[in-house]
Amino acid sequence: MLRLVLVVGALLSLASTARAQGMLDQVDLSSPAMTTAEIDRPALLEKLAAVPPGGRADLTGMRLSGLDLSGVDLSGAILRNARLNNTKLHGARLDGAILDQAWALKADFSDASLKGASLFAAQLVGARLAHADLTGARIAGDLTGSDLRGAKLDGANLSADMKNQSMGLMRAILKQAKLDGASLKGANLSRVMAEFASFRDADLSNANLASAELGGADLTGATIAGADLDNADVTSTRLLNLKGEDSARNMDRLRNATRAFRNSAIVKPLPVSEVAAGVYVFQGQNQLMSEANRGAIANVGFIVGKRAAAVIDTGGSVAEGRALLASIRQVTAVPVAYVINTHMHPDHVFGNAAFQSEKGVRFVGHHKLAAALAARREQYLAANARLIGAKLIADVRIVPPDMAVETTLELDLGERVLEVTAWPVAHTDNDVTVLDAKTGTLFAGDLVFIGHLPVIDGRLTGWLAVMDRLAKLPVKLVVPGHGPPAVPLAAALADQRRYLERLAGDLRAIIKQGGDLRQAADSAGRSERDRWSLFDEYNARNATAGFAELEWE
Amino acid sequence: MLRIAGMALGIVVGLSCGVAGAADDPWPGLQADAFASRPMVADSGVVALEAPYRAEDAAIVPMTITLKPEATPAPVRKVTVVIDRNPAPISAVFTLGEKSGISRISTRFRVNSYTTVHVVAETSDGKLHVAERSIKALGGCSAPAGKDPAEAKANMGKMKLRQFAGAGADGRREAQLMLRHPNHSGFQMDQITHYYTPAMFIRELTIRQGDDLLLKVEGGISLSEDPNIRFDFTPNGADRFTVEAADTDGHRFKGEFPVETVSQ
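Protein sequences, first through last, are from chains D and B.
Mapping of the first sequence onto our numbering: position 292 corresponds to residue 292, and the numbering continues sequentially without gaps.
Mapping of the second sequence onto our numbering: position 29 corresponds to residue 1029, and the numbering continues sequentially without gaps.
Next comes chain D alone, as it looks inside the complex (with noise of 0.2 angstroms):
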């Protein structure tokens, strides 16, 4: 009869994963099966003192629901499908024991020690387990509601069992348990399903909490030393006063990290300034990239739809990436739903990874983009390490786009759409700009810089023949890539051109007379030095590649 049932409730349950543990709604717990005991206390002890030294109870299939079997020495027990509903274990010993399949809802294990104990497929719903000691246990049961305050859970194995899944995922459920005080060091919770458990002070040090899901769960000040959170669902989950969470693995890789509880002081968020109704630009510094300023060098910005945000560029490091989170949640609650690269340079693309877990994000960003990101992202990881520090490269993913922009792409973020342009070899050949059709305001990325030395890593003359369109398109505010937050476009381009046609002009004039590569990185555009800053960072390197370009003409 209930084995009927099972299949009937797998069937039943094909569709959702966590139901396939949860057979409850298809069994009669008030049947005799479930409530009663076929053996009395006495009974048992005789049956267990009858079992030879070194060898194991069979106890399989027993009902035993009920009984009173505290600090009974049950070591090493076959309770294989035992009934154990409300049966005290208090105190008792299952070092060894084998639970597979066993039913012990509401049954109490209260400070009972059930070191290396099997529980697959176990049915512990309500069951009382504080100060239990699971070291080293393998559960894949259900544990909803149950209370495992103060328990030691040191090395066991809770997570999914990836071979046996069909009857859903075979994993540890957790829902609603409490495990406060609990020491999980070392323990596999990988995919546990533990939504609205409460971890207080867990010691989860070390514990694997890949694809966790801990969407309303409370760790408050648990500690976190080593643990790995890849993937882990934090839905409303509260991650307060977490302890070790520096040297936690995987925290910038968790899912929804944005919508968890933190302390505020961890991400303070980047300062803005709203440029036109509803659109924000941090204006980087004109500097290299550095340990000190966090690779906040670029302008990076966004702008808010009713539906939806864009991001445009998300800074140099992932800390500045999250920072710029942080002033967008400030500002809205609506999804970031496009995180728009206008070029490859790291200065630009560096913080992608602090939007990856915004649910559905996509990227966007120039056909050319992810080959040219493929084809540097060695150099730009290895030569970045040394002016960002070992620490702020460590977060950093090289993220390509996942939409490509060939000619133009309208992105619509909700009464208010953005046009996205993908323009021929400039200042890359991967150069987009977005256009904010609702306030007229164009970001530019690095196609504009203004007082930060323009950079050439495309072609010269493209980037001056980029300009001449540029300087048609209907637009008010420009916000470039380096230099002021926004300005209006007739002042954007003119100290650019003025550079780029000096350099340009120079080059000529070194090529016509016969003049070679290295008098034209001592001399072209010199006369421009004191007009920009990080003059003397790039100017040879442009006047060396655009020598080598113009001297085709």
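Any given hint might turn out to be false.
[As the list claims (entries may be wrong)] In the DSS-like style, the derived pairs of lysine-lysine whose C-alpha atoms are separated by at most 30 angstroms in a straight line are:
1) B:1068 with D:512
2) B:1136 with B:1078
3) D:391 with B:1136
4) B:1127 with B:1153
5) B:1254 with B:1127
6) D:268 with D:391
7) D:47 with B:1127
8) D:391 with D:359
9) B:1099 with B:1127
10) B:1254 with D:512
11) D:472 with D:359
12) D:185 with D:243
13) D:243 with D:391
14) B:1158 with D:512
15) D:438 with D:306
16) B:1127 with D:512
17) D:163 with D:243
18) D:512 with B:1099
19) B:1078 with B:1160
20) B:1068 with B:1127
21) B:1254 with B:1158
22) B:1216 with B:1158
23) D:512 with B:1153
Derived from the structure by calculation, the hints contain no laboratory data.
Since the structure of chain D is already known, use the hints to place chain B on it.
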């Protein structure tokens, strides 16, 4: 952009493509392998090398070799450029035509790390003369090919020969041969496929004046993208230059250029 900054400032170190550690000097071994440990005369004045102390762009490091004919009774016939710490150190071998009168060759190299560059000139009597310079430049071999890969591919094989008046009043001239070619080093990894772009580079390039050999260049992966060679020479009265080049993939490129009248 920051990558460039790192290079320009010489901050980046150790982007290796199979480079030996800084401690051991590769030159004695190279001297043995490439020149059979033949004795070399340093500071004889026969050959000199100009190169920037710090490269602006490690993928395009200009170098100029100057020969002083009056310093040796036997003329220089062959010049070998050895970039000690590059993955393939023998970077170029120039064979000078007997009547070429070449005394100056400028070209551009990829330089992979802090390295010494040796230039070895061999005279017709078999003597070797050497000059050396140190260069700070990093990541030249693995630097992604080109700022515009699409263009580099489309234009492969295009040639240009520029002609200049010589510096002196002796009727000598200068020419600059430019050849569009990505000269893939084999160290540039395609991160999508995780395969290295196979090496494909100009193996040999010959420039003649009429029927006379001016200069033959045997190249390697250390020659920069778009090989570019400038040299002086003595005109022999012929009315055209012919250029032949071959790369490691079997592509052959040919060019013919009329000798221009260049005002002094």
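Now the hints, each set against the structure:
1. Only pairs whose Cα atoms come within 30 angstroms are accepted, and residue 1068 of chain B paired with residue 512 of chain D is accepted, the gap being roughly 27 angstroms.
2. Simply put, residue 1136 of chain B and residue 1078 of chain B have alpha-carbon atoms about 26 angstroms apart, close enough for the 30 angstroms limit, and the pair holds.
3. Taking the CA atoms of residue 391 of chain D and residue 1136 of chain B, the gap is about 27 angstroms. The hint holds against a cut of 30 angstroms.
4. Distance restraint check for residue 1127 of chain B and residue 1153 of chain B: the Cα-Cα separation of roughly 42 angstroms exceeds the 30 angstroms cut-off, and the hinted pair is therefore not satisfied.
5. Restraint check: the Cα-Cα separation between residue 1254 of chain B and residue 1127 of chain B comes to about 34 angstroms, which exceeds 30 angstroms; the hinted pair is violated.
6. A C-alpha spacing of about 18 angstroms is found between residue 268 of chain D and residue 391 of chain D, which places the hinted pair at or below 30 angstroms, so the restraint holds.
7. The straight-line distance between the Cα atoms of residue 47 of chain D and residue 1127 of chain B is roughly 102 angstroms, outside the 30 angstroms bound, and the hint therefore fails.
8. For the suggested pair residue 391 of chain D and residue 359 of chain D, the alpha carbons sit about 26 angstroms apart, so the restraint of at most 30 angstroms is met.
9. Taking the CA atoms of residue 1099 of chain B and residue 1127 of chain B, the gap is about 20 angstroms. The hint holds against a cut of 30 angstroms.
10. A hinted pair counts as satisfied when its Cα atoms are at most 30 angstroms apart, and residue 1254 of chain B with residue 512 of chain D qualifies at roughly 25 angstroms.
11. A hinted pair counts as satisfied when its Cα atoms are at most 30 angstroms apart, and residue 472 of chain D with residue 359 of chain D does not qualify at roughly 37 angstroms.
12. With a C-alpha separation of about 13 angstroms, the suggested pairing of residue 185 of chain D with residue 243 of chain D holds against the 30 angstroms cut-off.
13. At most 30 angstroms may separate the alpha-carbon atoms for a hinted pair to count; residue 243 of chain D and residue 391 of chain D meet this at roughly 18 angstroms.
14. Note on residue 1158 of chain B and residue 512 of chain D: the hinted pairing holds, with a Cα-Cα distance of about 20 angstroms set against a maximum of 30 angstroms.
15. Proximity of residue 438 of chain D to residue 306 of chain D is assessed by CA-CA distance (about 13 angstroms); at most 30 angstroms being required, the pair is judged to hold.
16. Under the criterion of a C-alpha separation no larger than 30 angstroms, the hint pairing residue 1127 of chain B with residue 512 of chain D is inconsistent with the structure, at around 39 angstroms.
17. Pair hint residue 163 of chain D plus residue 243 of chain D does not hold up; C-alpha atoms about 34 angstroms apart against a cutoff of 30 angstroms.
18. Proximity of residue 512 of chain D to residue 1099 of chain B is assessed by CA-CA distance (about 28 angstroms); at most 30 angstroms being required, the pair is judged to hold.
19. The straight-line distance between the Cα atoms of residue 1078 of chain B and residue 1160 of chain B is roughly 24 angstroms, inside the 30 angstroms bound, and the hint therefore holds.
20. Pair hint residue 1068 of chain B plus residue 1127 of chain B holds up; C-alpha atoms about 15 angstroms apart against a cutoff of 30 angstroms.
21. Using a Cα cut-off of 30 angstroms, the hinted pair residue 1254 of chain B and residue 1158 of chain B holds, with the two alpha carbons roughly 9 angstroms apart.
22. Between residue 1216 of chain B and residue 1158 of chain B, the direct Cα distance comes to roughly 19 angstroms. Compliance with the 30 angstroms bound is thereby established for this hinted pair.
23. Straight-line distance between C-alpha atoms of residue 512 of chain D and residue 1153 of chain B comes to about 27 angstroms, which keeps the hinted pair within the 30 angstroms bound.
The structure is inconsistent with the numbered hints 4, 5, 7, 11, 16, 17, although it conforms to all the rest.
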